[in-house]
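Visitor: The chain contents come next:
2 protein chains.
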Amino acid sequence: MRTRKPAETRKAEIVDTALRLADELGPDRLTTEAVARRVGITQAGIFRHFPKKQALWEAIAGHIAGLMEKRWAGALAARQPADARIRSLIAAQLRLIRATPAIPAILFSRELHSENDALRRAFLALLGRFHRRIATLVRQGIEEGVFRRNLDPDDAAMLIVGLVQGLAVRWSLTRRGFDLLEEGARLLDLQLSGFANPESEHRREERS
Amino acid sequence: MRTRKPAETRKAEIVDTALRLADELGPDRLTTEAVARRVGITQAGIFRHFPKKQALWEAIAGHIAGLMEKRWAGALAARQPADARIRSLIAAQLRLIRATPAIPAILFSRELHSENDALRRAFLALLGRFHRRIATLVRQGIEEGVFRRNLDPDDAAMLIVGLVQGLAVRWSLTRRGFDLLEEGARLLDLQLSGFANPESEHRREERS
DNA sequence: CATATAAGTTAGTGTTCACTCACTAACTGG
DNA sequence: CCAGTTAGTGAGTGAACACTAACTTATATG
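Chains as they are written, first to last, in the numbering used here: chain G, 1 to 208; chain A, 1 to 208.
Quick caveat, the hints were computed from the structure, so don't treat them as lab data. All figures in this text were calculated on a predicted structure; none of them were measured in a lab. It cannot be assumed that every hint is accurate.
[Stated by the list, open to error] Covered stretches of chain A (in silico footprint by chain G; criterion: 3 or more residues with CB under 8 Å from a CB of chain G, positions within the stretch not fixed):
1) 62-68
2) 84-98
3) 121-134
4) 154-162
5) 186-200
Cβ coordinates follow ideal geometry from the N, Cα and C atoms, glycine included.
Go ahead and model the full structure; you've got the sequences and the hints to work with.
Guide: Dropping the structure here:
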C-alpha cells in the first residue's frame with residue numbers, strides 16, 4: 001500500500017485516467033485492470049470506488065457533460081455578433097475534443113449504447129443541448145441580419161453539428177493527421193458563408 | 001450435421017450474418033459464437049472458413065467496400081446536372097446505410113482500428129474515394145455554373161460527407177427515430193443552396 | 001458405386017475479463 | 001493514543017472469448 005487518497009480525489013483520478021485510456025484502447029476495450037495499473041492501485045481497488053464498471057461509465061459520462069457545458073458557457077460569454085459566437089462555440093468544442101480525444105469515440109460507441117440505454121440517452125441529450133445552443137445562435141443571426149431570413153435554424157444547426165462530427169471522425173481515422181482547429185475554422189467559414197444574408201452590407205471579406 | 005454448403009456460399013452467409021449482428025451488438029461485441037448460432041453451424045465451424053476472426057473482419061470490410069462502390073456507380077449512371085447527381089449519390093449512400101445500419105458503426109469503430117491498422121486504412125481509403133467522387137461532382141457543378149465559382153470543391157465535399165456522417169450518428173443514437181432519406185434530402189438541399197451560384201438563372205424554387 | 005475431399009462437429013485449451021471476499025494498514029476524531 | 005472508519009490489497013471465481021485438434025459424414029466425381 002503506497003499512497004492513499006480521499007475517495008473523491010481518487011474517483012476523479014480514475015475517471016480522468018479512464019478517459020485517457022479509452023482513447024488509446026477504444027472505449028469497449030477499456031478494462032478495470034488497465035485503469036488500475038495506470039492509476040497505481042490494484043484492479044480490485046477500482047471496485048471500492050465504482051461498484052460496477054457501469055458506474056464508472058456513468059461517472060465518465062457526467063464528467064464529459066460537465067466539461068462540455070463549462071466550455072460552451074465560457075465560449076458564449078463575450079458579446080459578439082451571432083456568427084462570431086458560433087465560431088467561438090465550435091472552436092471551444094474542437095479544443096475540447098483535441099484535449100480529450102476519447103470523447104467522440106465514447107459518445108458514438110455502439111457498444112456502450114447497446115448495453116446501457118441510460119448512457120445512450122444521456123449522450124443524446126447532450127448532443128441535443130449542443131444542437132439547441134447552435135440553433136439559438138442561428139436564430140439570433142437571422143434577427144441580426146447576418147443570416148438569410150429563409151434559413152431554418154434547426155437544419156442549419158444540424159449541418160454545423162455534422163461538420164464537427166465529420167471533422168472528429170476524420171481526425172481520428174487519420175490519427176490526428178491535421179490541425180483540428182484550423183481545418184474546423186476553414187470549414188465553418190464555408191458553411192456560414194452559405195447561410196449569409198445576401199442583402200447584408202456586413203460583407204465578409206473572402207480569401208483570394 | 002444438418003445442411004452443408006459450398007465454402008463460397010457459406011462464407012458469404014457468414015459475412016452477411018456478421019454484418020447484421022454487428023448492428024445489434026456493436027462491432028466489438030460481435031462473437032464467433034453469436035455468428036455461428038445465427039448461421040446455424042457450430043462456433044468452431046466459423047474457423048473452417050475464416051482462420052482468424054481478423055480474416056472475417058477483412059472479408060466484411062471488402063464486402064462493405066464492394067457494396068458502396070456498386071451503389072455509387074449505379075447512382076452516377078444517369079446523365080444529369082451536377083447537383084442532381086450529388087443528390088443521387090447521397091441518396092444511394094443513405095439507402096445503403098438504411099439497409100445495412102452496421103456500416104457506420106464498423107467504419108468508425110475505434111476498437112477495430114486500434115488493433116487492426118490495415119482495416120483502419122481500408123476504411124480511410126473508402127471514405128477518401130467517397131469524398132473524391134463528391135468533390136469531382138462539385139467541380140463539375142462549378143463548371144456547369146450551378147455552383148459559385150469561388151467554392152473549394154474539396155471543402156464543399158467535406159461538408160457533404162459530414163452531413164451524411166452526422167445524419168448516420170443521429171439516426172443510430174435515436175434508434176432510427178426518423179426517416180433517413182427524407183431528412184437527408186432536406187439537409188442536402190440546404191447545404192447545396194449555400195453552394196449555389198448567385199448569378200445563375202437555374203434558380204431552384206424554394207419551399208415557402 | 002466407391003472414394004477422396006472438404007464441410008462441419010465435439011470437446012477441449014489458455015486467456016482475459018468483471019467482480020467478490022476476507023484481510024490490512026493508513027488516516028481521523030475524541 | 002487509541003478506536004473506528006475507510007482506502008487499498010491478495011487471492012481467487014466463474015463466465016466469455018478466440019482458437020485448436022481429432023473426428024465424422026455429406027457430397028461431388030471418376
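Visitor: Does each hint fit the structure? Answer for all of them.
Guide: Status of each hint after checking the structure:
Interface restraint, the stretch 62-68 of chain A with chain G: violated (0 residues with C-beta to C-beta distance below 8 Å; minimum three). Look at the stretch 84-98 of chain A against chain G: 0 of its residues bring a Cβ nearer than 8 Å to a Cβ of that chain, fewer than three, so the hint is violated. With 3 residues carrying a beta carbon less than 8 Å from a beta carbon of chain G, the stretch 121-134 of chain A meets the three-residue requirement, and the given coverage holds. Counting residues of the stretch 154-162 of chain A whose CB lies closer than 8 Å to any CB of chain G gives 6, which reaches the minimum of 3, so the coverage claim holds.
As drawn, the stretch 186-200 of chain A meets chain G at 8 residues by the rule of a beta-carbon pair under 8 Å; at three or more, the given contact holds.
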